[in-house]
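Undergrad: Protein chains in written order, with my numbering: chain Z, 1 to 557; chain E, 1001 to 1455.
Note that these hints are calculated values from the structure, not bench results. Be a bit skeptical, because a hint or two may be false.
Below, computed lysine-lysine pairings styled on PhoX-like, alpha-carbon distance capped at 25 angstroms [claimed, not checked]:
(1) K1313/E x K225/Z
(2) K225/Z x K1314/E
(3) K113/Z x K1128/E
(4) K113/Z x K1019/E
(5) K1130/E x K1446/E
(6) K206/Z x K1261/E
(7) K1340/E x K132/Z
(8) K1345/E x K132/Z
(9) K124/Z x K1130/E
(10) K1345/E x K86/Z
(11) K1313/E x K113/Z
(12) K124/Z x K1340/E
(13) K228/Z x K1313/E
(14) K132/Z x K1304/E
(15) K392/Z x K373/Z
(16) K1314/E x K124/Z
(17) K371/Z x K395/Z
(18) K1304/E x K206/Z
Short, incomplete list of chain E residues facing chain Z, as computed with Cβ under 10 angstroms [as the list claims (entries may be wrong)]:
(19) T1240
(20) I1241
(21) T1260
(22) N1263
(23) A1302
(24) K1304
(25) K1345
(26) F1346
(27) G1366
(28) T1384
Just so you know, these numbers come straight off a predicted model, no measurement behind them. In this text, a Cβ means the ideal position worked out from N, Cα and C, and glycines have one as well.
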Amino acid sequence: MVESLAVVLPPPKTKNLAIIKQERVKVKSKCTAPPYGERKNWIPHSQSDFGDGGAYPEVILAQYPQGMGKEKTGKTLALQVDQNGKIRFDAIVRQGHGLNTVLHTDFNQLVRKDVIEDDPTLQKPGQEEIDKTAEETRLALEKIIEHKVSAAQPVRAPEKSSPDKYIRFTPAQQGPGYNSGAQQRIIRMVDAPVDPMEPPKFRHKKIPAGPPSPPPPILHSPPRKVTKEEQAAFNIPPCVSNWKNAKGYTIPLEKRLVDGRGLQEKEISSRFGEFTTIMNRTVKQVAEGMRVRRELENELQRKEKEQRERDLLRRATQARNERAGIVPTEPDDKPAEMKDAEGEAEREALRKERHYERQRERRLKRASLEKQKTVRERDLDRDISEQIALGKPIKTNTTGENMFDARLFNQSKGLTSGFGSEDAYSIYDKPLFNSTSTSIYKPKSVDSDMYGDEDIAKLKKHKFVADKKFLGADESAPPREGPVQFEKEDDDVFGLDALLNDAMTSKKDSGKKESLGRATSMIATTEVTRHHSSLRGSYHKRRELVEFESERKRHRH
Amino acid sequence: MSEDVQRHSVHTLVFRSLKRSHDMFLSNQGILPPVDDKADNLRKAVKARDLYGLVFDDVKKMQAMKHLREAEAGPNPPPPGTRTENSTVSNESAVVPYTDTSLMTRAVQNNTQNQLANIVKKVPTMPKPKWHPPWKLFRVIAGHLGWVRCVAVEPGNEWFATGAADRIIKIWDLGSGQLKVSLTGHVSTVRGLAVSNRHPYLFSCGEDRQVKCWDLEYNKVIRHYHGHLSAVYSLALHPTIDVLLTAGRDSTARVWDMRTKANVHTLTGHTHTVASVIAQASEPQVITGSHDTTIRLWDLAAGKSICTLTNHKKSVRDVIFHPTLNMFASGSPDNIKQWKCPDGKFIQNLSGHNAIVNCLAVNAEGVLVSGGDNGTLHFWDWRTGYNFQRLQAPVQPGSMDSEAGIFSMIFDNSGSRLITTEADKTIKIYKEDDTATEDSHPINWKPDILKRRKF
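The task is simple: from the sequences and hints, build the whole structure.
TA: Written out as structure tokens, the structure is:
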């Protein structure tokens, strides 16, 4: 009775998705690979051809079952497993490192272990192992050193290595066509000759260094964050120099200079006030006391003075009365005063004088007490010329050694030779060899044996004789032996001749004889010559020309 | 007495007692209690009588019959697989006539298992630190005119040399402390010194980029190694090969051939000043510590780094080899770390010296000393990392307190004298206090069990 809905409804047009997927899967899982032995010309095309196995070795083709072995983008590392079966997670960290580098990636590197002294792994290796390591290292280093040092070593001729190695070689391809029928070949191996003087063949260029080795894993917790207090503790204020100001900042003076004035706390002690009050009090007291004392003294003085006055007055009246014979009546102050005024004045004057004199004496005494100059002191103050004038013995500061100048000592010449200047070369005072140089040729006499008579005549002839001699020169005079010696003959005491000379020689006298030179003395003589005075005027008539004449000439005349 | 009682939290106490009981019983945890033979036999007898008591007589009769038959038949060779006389003896004496041999063997096996278990499951105890006598200052040598930056001891233990900021290298007699020779030649501070074992040479390096080789027979410089681009801070000599290693501010370490002065390798890789370089005969032959907080282990033959250790958080100022064990230690302001050669496996941390550690020194007796930039000296037991002494020597009279700082240290070849060079221009020599005993200076070892900081 109840009909299913499926019967009523028309059949569905599309299939159920689940069914489709199942079908698909079923299709995929089919492995179409031919069995083993029949795979000769077959090629696997898709992943399903591999089934759940691997590649087919008999099929010569690069196969990547399940994508294994394909070149990937490089971001994923293949999962590796170590000998205990545990996955090597540190392969990521170990990527750029060599195989020999030791990388600590385990947490055991952080865990504390006990140090057991008998543990064999903690003992140093034996001597043989140490020697072996040392030898290997040494050889490796030697190679490097040799290479580095060879550049500095001198070039040497190459050692004659025995290069002639002969090798018997049997080639694989044999036959009458190859090797001209021979079965074997003999090959001679020789080292290629190296030119020792050859410069390097290759130019080494420096290239920028490559990337450094990848960083090792960090086995400590990241550094703790700095607290505000710690940061404040490490805060360094900027430097404000007293000397330099590179950027030219304008910084206020309080920041430039360290002025301690603002930082000082000027505390005035309270005891200052106490001190001042005490001082004031004492000053007052003392002043009071002094005043009182002074007053008392004044009183006393006054009284005394009055007493003395009265006394004097009394005595004076007595004397007067005695003189006059007058009976003393009641003292009358006024006339006594009148009389005494003069006396008073006189006495006052006297007193003043005496007072002044006393003061003077006191002053002088004080002055004299201050500096009582002794004779010695007075002598010292005196100038040296005074001392000499007075004939006092001069006391010099030099005593003993200082009396003699050091320059006098250690001299080769002796005390009498005297001082020399600083740069005077005074080691030797006379030359080593006293003789005059013998190499200079000095002809002693004209030897007639050496030379002929004509030669001697030639020698003796005076070749160099002038045509015209000097005017007024005395030929008969003997030839000069030394320089001309001039004498100053002073007839002209008052300078009159000189004056006349000056006046006369102002004319142009070309014709006039002015004889100089030859004479041993020059004498200015007056010679009267009446001479072209008309040109000059009458006043010249009387003037006399002065001529210089040699003495000899005069004598001649 | 009252001071010895330490206050702990309840948690700590509970945990400790738990731990102790755990340690005590750990070895026997999975094992059954040993079998008591007497009790076992008794039990078996009781059980047997209970189960098979009714047939005892019948079994006895059967066995008697067998014996008679055998005696009549004559002695036959026993069939293969039968037991020897032991079984017959046990048959008679045993309470239970049927001896099940399997039971016996199982018991024996159990015993052996017990023993094995005992061996394998050793109680993991914390090693107790070895007692070392405390160290005290016994000599102060003042002679330099600047910070004393480096020290080296002669292999014959007669003298030691120090280099200072006054550019002079002074050689002192070790026994008396008297000055023997002053060597001038450097233009700037002398930062590193080394005395060769195999030649009469002294090597020095300075902040003027010079590395000099002094011939001690003539007290003159015979070689210069030219190549560093900046100040050279550290110097080391290879014990077996005639090679010199220097490291400095140009972030490289250089390997020089002693004789030809050639720069064989330039070990690059560090990104900041290399503060210290050391060399040994076995792998790793060269170790450098740098201000970029890393330590590098190098292959000397290839001139490349094998391993980089990045455990430190702050600059590593000194590295040093242990004289007998195949280990090395590195010092930095956060920690001093111990490592194992040749791969640089981390062993342990020595923490507690909270100052810039400028230098380290190790003794054959296992005393590690670390010197700080504030003048403090910490003495550690190498094996356990126990800090048994802290010292701060007072500055030379005339120096300010802020002028305290230790720049370098070395033990003499016997390991009994520690020579430190300081910033107050003195050289201080320390020795072990002979009057101290374990009782007078007890070990106060408190390993922190709860918080194990691994980093």
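Undergrad: When the structure is checked against the list of hints, which entries are broken? Sort them ascending.
TA: 16
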